[in-house]
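Here's the letter readout for the chains.
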Amino acid sequence: MKMIYKVSVERCIACGKCELACAFAHGSEGRPSKSRINIHRRGPELGTPVVCFQCDDAACVTVCPTHALVRNEETAAIDMVRSRCISCRMCVAGCPFGNMLWDEAYNCVQKCDLCGGEPRCVPFCPTGAIAWVPIEEAVLPPEPLDRESLEAVP
Amino acid sequence: MRIESSDQFKAYHAEARTRDEGLTRKILVCCGTGCLATGAKEVAEAFVHEIEDRKLDVEVGLGVKSTGCHGFCERGPLVAFLPEGLLYTKVKAKKVPEIIEKTIIGRELIPGLLYKNPVNKERIAAYDEIPFYKNQVRVAMRNIGRIDPTDLMDAVAHDAYAGLAKALFEMTPDEVLDEVETSGQRGRGGAGFNTARKWRSCKSAPGDRRFVLCNGDEGDPGAFKDRSIMEGDPHSVLEGMIIGAYALGAHEGYIYVRDEYPLAVVNLQLAIIEARKVGLLGENIMGSGFDFDIQISRGGGAFVCGESSALMRSLAGMTGEPRAKYVHSTAKGLFDLPTVLNNVETWAGIGAIVHHGGAWFAAMGTDKSKGTKAFSLVGKVKNTGLIELPMGTTLRHIIYDIGGGVLKDRPFKAVQTGGPSGGCIPEELLDLPVDYEKLTEAGSMMGSGGMIVMDDRTCMVDVARYFIAFLTEESCGKCTPCREGLKQMLGLYDRLIEGRGTDGDIEKIEALAAGMQLGSLCELGKSAPNPVLSTLKYFRSEYEAHIKDHACPAGICREITAFEIMPDCDGCHACPKVCPTDAIAGTKKELHVIDHEACISCGACLDVCPTDSIRTFPKIELAAEEVV
Amino acid sequence: MPTLTVNGRKVTVGDDVYILEACRAAGVEVPTLCNFDGLEPWGGCRLCVVDMSLEKWDDDWFKLVTACNHPVEEGMTVVTDSERVLATRRVVLDLLLARCPDTPLIQRLAAELGVDETSYEKNPEHTDCILCGLCTRVCDHIGVSAIASTDRGWGREIAPPFNEPPPDCIGCLACAEVCPTDHIPFATSNVKRTIWGKDFEMLRDPKTGEAVITKAQAEHFAERSGVPMTYFETSDKSKRLEVAKTFEKLQVVK
Amino acid sequence: MAETPCVDLSKTEEILGSYPHEEPSLIQVLQDVHRAYNYLPCDVLVRVAEVLEVPLAKVFSVSTFYKAFSLEPQGDTIIKVCMGTACHIRGAGQLVEELERKLGIGADETTEDLRFTVKTVNCVGACAMAPVMLVGEKYWGSAKPARMEKYLAAGGNDEN
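Chains as they are written, first to last, in our numbering: chain A, 1 to 154; chain B, 1001 to 1628; chain C, 2001 to 2254; chain D, 3001 to 3160.
Simulated from the structure, these hints should not be mistaken for laboratory data.
Since this is a predicted model, take the numbers as computed values, not measurements.
Note that CB positions come from ideal geometry on N, CA and C, so glycine has one too.
Treat each hint with caution, since some may be false.
Now the in silico label distances, taken between C-beta atoms and shown as ranges [said to hold, decoys possible]: (1) C:2190 <-> A:30: 26 to 34 Å; (2) B:1582 <-> C:2104: 55 to 63 Å; (3) D:3154 <-> B:1612: 32 to 40 Å; (4) D:3154 <-> B:1582: 50 to 58 Å; (5) A:149 <-> C:2249: 45 to 53 Å; (6) B:1612 <-> C:2081: 36 to 44 Å; (7) C:2054 <-> B:1362: 55 to 63 Å; (8) D:3073 <-> B:1367: 56 to 64 Å; (9) D:3007 <-> C:2129: 44 to 52 Å; (10) C:2206 <-> A:30: 55 to 63 Å.
Here are the simulated lysine-lysine pairs, PhoX-like style, with alpha carbons at most 25 Å apart [claimed, not checked]: (11) C:2207 <-> A:34; (12) B:1325 <-> C:2056; (13) A:34 <-> C:2245; (14) D:3011 <-> B:1090; (15) D:3138 <-> B:1041.
A partial selection of chain D residues facing chain C, derived with a Cβ cut-off under 8 Å [what the hints assert, rightly or not]: (16) 3006; (17) 3055; (18) 3057; (19) 3058; (20) 3061; (21) 3064; (22) 3065; (23) 3069; (24) 3096.
Bound-form chain A, shown alone:
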């Protein structure tokens, strides 16, 4: 079954749990700067999660001079072969959506790898703003979120 990453902006409450989950999934120190999903915070409890689209005809793959970015046939993610990366940052510059991330601390590029087919951020989202769903479900409009009835996020 082909799965897809579904973002429902209308349900995001900008709690930041996805960012944290991602950071921990990719390193034990859990630095938020290591997160490959970013929430654009546009107001109180209003956010837009931005994450790699794993584009079909991806600019990052095209520009990479060392073929360090390759499509994973199983997960459909564009994976980064770390050992091939020469940190030239062309992918960072080339990605039209800003989803190739430069990690200053570690001098390397970070990108969403769909956690090998089971995105770790998804189960932590309290509102279902992000979801990992079969492709046919992705087209369904999201259920509206009753923000009034939300309890304080623990």
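Given the coordinates of chain A, work out where chains B, C and D should sit on it, guided by the hints.
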């Protein structure tokens, strides 16, 4: 005229024969590089003028040919006369009228121009009687010296392209391969890989486009057989390549020639143009439907380009850096396509093998090394030059019977074969039959056939250092052991020859040599330690003398050698004339003296002393005397 | 899918794989300096030598080969820690340590094989360059070939043409990033980058003013990959903001 | 690059015209260029790189790799002393030293008046006449240091 069928080639061949036979008497002037240097061109021109002036060409059918190298460069310029089979050596242009007058018209010999046997001082008139020639068997060099390399018809009169015609019209490509296999011919470039096996490996590689290359980058110092072949009989190379291409189904060929060989480039270029003109090269060769063309590529001056993968990179316009050949170039060679690369001498032999049959070739030589091999016999030997002999001939026969022995009858010390990848073979192995295996067992190798004879005035440490210095300059620098190792090795040798060697240096040299042999990328680096290891094996005591006694037994290493004139000096005054620093004082007929302060230990005096009255001794003794 | 034995361990790898990758798959570390996954193997440093034997050879016959560029074969036996493998690696590192006595990476690798001090003459001129060729090969991959090896043998160096600021360089820093000994100096500020003696104008994000990449680099990649030049003109942060804004507009349920 | 004197590029264009415009032509073009100018002027290399579509760095790399090429102007007469094995053991080193004494320049150097360039070459393949040196196109076999004056005076002339 273009040859468009087997019959037309036969007609062309017959015409060439008739033309050749029309000249009842011939004068062959050697115009190889060696003889040209001593004025052969002027000699040939003088003959032409003299004959024209006297109209001898019409009257007695006399013709002059400027041929390729006769091989006996030491005695040049050489002039041979046919059908008499007479050879004149060291001929000067001003002697030409006299030769015409006496020898051609008067049919008498001029004794002063005859070869003088250095062994018994006898003068020999007949070409075939001179030991240097008598013992040779020529295959690759079959027509060199007999034909004018710039005249295609002359080559064809001497059976050039006969093998090609046979291959194209009487044999399938596979039959050609079988014939070459029967011959057992192995690569004449050095490593001795079986030619037929190489071809089969290329033929079985997938792909439609493949290349046939000729390695004319004869880089081994002391070897010049390929040069003589390319200069003296370029058609033999072309013929071999066309046959090879036919067997392999290749349509493109390149000849990679050293830039240091300008005459070879000119003669090859001319041969290609001539061959194309009559349809022996290019499209639809001899009307057989087979297409093949050859281009010449001049090297840029890099020894490493003799290595096959470096040569192919150089052909592609890049720096000559070898690559690992875990995937053979027969499958992935020039432009990453299947490629056969053979040496000049290898190609030159192919035409004869096809023409006379593989069995004919295989009947010569030894069990594992078939056929004949060309050598350049040089160094401290009386008769230097180029020779071709059946494999298995002993070194002693080559050096003493053909070479006439060591120059000035000094003691023989070693013979170096195989160039910088080879080694030095000592006196006790002089009875070694020369073939691929035997030379390798002795710690040397065949290489491109250079044989450099060394006498007692040769320091083996200096010889090893010479090769290391040579290779340090020629290493491409791609891999660590070769680039860094040679540099360090050279440093270690500098210590030895300057008297700074210490205990443990020999072991250090040996360990580094082992690392380079195992670790280097290409054969240049892998074989670079050969001169080191072979001299260490046979002449270790010389190394020890340099380290322990700070002495160079041969009196060559300048930093540690002093010169002295002994009391038996007859005061001939030859030495002060050659001394570059005016360090020798003395009036004629009196004992001369060397000023040790001014002497730079170059040895020029020793080389000219007719009475052997100059001796060398370790410089260290000089210091000791002063202290006393 | 050939199966081979590495240090006694069986491992099955892909068809077009070199020994080095098979060693890694078997969990065996093989040192290397000139190999880089994204680039064709080169076989220059000679550090990755291993002993190798093919099934058809006699049992005791082994050949010393470089792991980085020798293809694997069914039934191959690889030994990475034989005495002569280690001895050869020691000679290589000893020689490199003589060339670059002060280079930490070489010091560390040499020490791992028991070479603490070089037994050869030390290079009087300081350099960290081990001539692994990675910089030039990466530069070829980037498609500019602004630098190359010059001269040969001991005189070999990596240099721009005429040893002057290289006209073809786009200031992408790939060479400096890939250099295992950090030998290639560079400096980047918000407006300017300097490498190989050449100055580059930085593209700056129109909103935030931060430096993105050099203008020359953007132009080169736009032309080479067909990715529009506009992609390169803004920072990743600004681009994410744009995406977020677009997403907001796309909300179906207000 | 700015300091190099301007050279006449028309010869370069002519040479480039006779080869296919691709990388394999590079060494052949450089050979001809070297012959035409007696060295490889850098303006010419830039032009060669442009026309053959080979990166300039590669052109420079090839120009410095091969011994046949020089990036500095050469003397009118090039003296090549063969350093092959046969020549070495028959005293080629002494020829180089004698040249150094006579001309004041070592191997791979050019006299200030641009008359002579001395080069050592690895075997010219005339080993039977060792030691060998070339003055211009003229070969001198069994060369002796004491006769250096004569060799130099004859220059490239065919006088024996």
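Each hint, compared with the structure:
At roughly 30 Å, the beta carbons of residue 2190 of chain C and residue 30 of chain A sit within the given window of 26 to 34 Å. At about 56 Å, the beta-carbon gap between residue 1582 of chain B and residue 2104 of chain C stays in the expected band of 55 to 63 Å. A beta carbon spacing of about 33 Å between residue 3154 of chain D and residue 1612 of chain B agrees with the range 32 to 40 Å that was offered as a hint. Checked against the hint of 50 to 58 Å, the C-beta distance between residue 3154 of chain D and residue 1582 of chain B comes to roughly 25 Å, which is inconsistent with it.
For residue 149 of chain A and residue 2249 of chain C, the hinted distance range of 45 to 53 Å is not satisfied, since their beta carbons lie about 26 Å from each other. One distance hint, 36 to 44 Å for the beta-carbon pair residue 1612 of chain B and residue 2081 of chain C, is violated here, with the actual separation near 59 Å. A hinted range of 55 to 63 Å for the beta carbons of residue 2054 of chain C and residue 1362 of chain B is inconsistent with their spacing of about 31 Å. The hinted window of 56 to 64 Å between residue 3073 of chain D and residue 1367 of chain B holds, with their beta carbons roughly 57 Å apart.
At about 33 Å, the beta-carbon gap between residue 3007 of chain D and residue 2129 of chain C misses the expected band of 44 to 52 Å. Take residue 2206 of chain C and residue 30 of chain A: their Cβ atoms lie about 33 Å apart, and the range 55 to 63 Å is violated. A C-alpha spacing of about 24 Å is found between residue 2207 of chain C and residue 34 of chain A, which places the hinted pair at or below 25 Å, so the restraint holds. Under the criterion of a C-alpha separation no larger than 25 Å, the hint pairing residue 1325 of chain B with residue 2056 of chain C is consistent with the structure, at around 19 Å.
Taking the CA atoms of residue 34 of chain A and residue 2245 of chain C, the gap is near 23 Å; set against the 25 Å cutoff, the hint holds. Note on residue 3011 of chain D and residue 1090 of chain B: the hinted pairing is violated, with a Cα-Cα distance of about 42 Å set against a maximum of 25 Å. At most 25 Å may separate the alpha-carbon atoms for a hinted pair to count; residue 3138 of chain D and residue 1041 of chain B meet this at roughly 12 Å. At about 16 Å, the closest approach between the beta carbon of residue 3006 of chain D and any beta carbon in chain C exceeds 8 Å, and the interface hint on this residue is violated.
For residue 3055 of chain D, the shortest C-beta to C-beta distance to chain C is roughly 4 Å, which falls under 8 Å, so the interface hint holds. With 8 Å as the threshold, the beta carbon of residue 3057 of chain D comes within range of chain C, its nearest partner Cβ sitting at about 4 Å, so the hint holds. At its closest, the beta carbon of residue 3058 of chain D sits 5 Å from a beta carbon of chain C; the interface hint therefore holds under the 8 Å criterion. Hint on residue 3061 of chain D holds. Least Cβ distance to chain C is approximately 4 Å, under the 8 Å limit.
Among the interface hints, the one on residue 3064 of chain D holds; its C-beta lies about 4 Å from the nearest C-beta in chain C, closer than the 8 Å criterion. Among the interface hints, the one on residue 3065 of chain D holds; its C-beta lies about 5 Å from the nearest C-beta in chain C, closer than the 8 Å criterion. Taking 8 Å as the C-beta cut-off, the interface hint given for residue 3069 of chain D is violated, the closest approach to chain C being about 11 Å. Interface hint status for residue 3096 of chain D: violated, as the beta-carbon distance to the closest one in chain C is roughly 20 Å, over 8 Å.
Comparing the model with each earlier hint shows violations of hints 4, 5, 6, 7, 9, 10, 14, 16, 23, 24; every other hint is respected.
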